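Trainee: Sequence:
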Amino acid sequence: MSRAIYLFRNIRTRQVVATTERSLLERPQLYAAQLSAPTYLPQPALRPDHWTPLVVATGFTTDRFLTNTFALVSQPGSPLVPPTERQKREYRLMKNKDKRIADRDTTERQVAQLARSLVYTDALRSESLPAGAKIKLLWQDRDWIKKVEDAGLRWPAWVEHGDLDLKRGNIILNPELRSSRATQSPN
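Residue numbers for the sequence shown follow my numbering, beginning at 1 and rising by one.
Source of the hints: derived by calculation from the structure; they are not laboratory data. Treat the hints with care, as some may be off.
Stated by the list, open to error - As a list, the in silico DSS-like pairs of lysine-lysine whose alpha-carbon atoms are at most 30 Å apart:
| # | residue 1 | residue 2 |
| --- | --- | --- |
| 1 | K134 | K167 |
| 2 | K147 | K136 |
| 3 | K136 | K146 |
| 4 | K167 | K146 |
| 5 | K134 | K146 |
| 6 | K99 | K88 |
| 7 | K88 | K146 |
| 8 | K97 | K136 |
| 9 | K167 | K147 |
| 10 | K146 | K99 |
| 11 | K136 | K167 |
| 12 | K88 | K147 |
| 13 | K147 | K134 |
| 14 | K95 | K136 |
| 15 | K99 | K147 |
Just so we're clear, the structure is a prediction, and the values are computed from it rather than from any experiment.
Using the sequences and the hints, build the whole thing.
Mentor: Have a look at this one:
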């Protein structure tokens with residue numbers, strides 16, 4: 001298991017899942033419960049080319065810190081800003097088909113959940129948070145950093161932000177995220 005948390009976003013449904021693996025094909029039990037129940041049968045097959053990394057949290061120094069943070073991030077989140085009365089009314093008036101499409105868009109909720117879990121860990125000064133820990137968030141779209149701050153959340157001081165280098169939209173090129181197996185020389 002790598003010491004990073006990957007948030008993947010579906011390019012069609014905008015659904016977001018969290019996993020600790022570089023690929024969604026490895027250990028599907030990590031994210032199976034995060035996918036919404038299908039409203040139609042049969043359930044479509046998981047296509048890796050339909051998922052792109054949204055953000056990668058790296059820099060976890062202990063497995064306990066990674067596990068506790070992953071447990072918080074993988075839970076369903078709430079929006080950055082609560083919906084207004086007008087938005088609630090518009091949602092109620094939507095057709096059921098449009099409601100299902102809107103409900104599948106979990107990008108904002110999962111980014112908010114990531115931010116809240118890091119703030120929560122910082123506020124509790126959790127024993128799982130090692131001294132001198134530095135978490136680096138590598139973003140596909142850095143606009144999310146400002147959206148979180150505009151919603152009133154502040155990133156902890158030990159969180160740094162960077163860019164996620166992607167090839168063809170879903171292949172991660174960042175050297176710090178390469179697997180240790182690929183960088184080791186065979187003996």
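Trainee: Report the numbers of all earlier hints that the structure fails to satisfy, in ascending order.
Mentor: 8, 14
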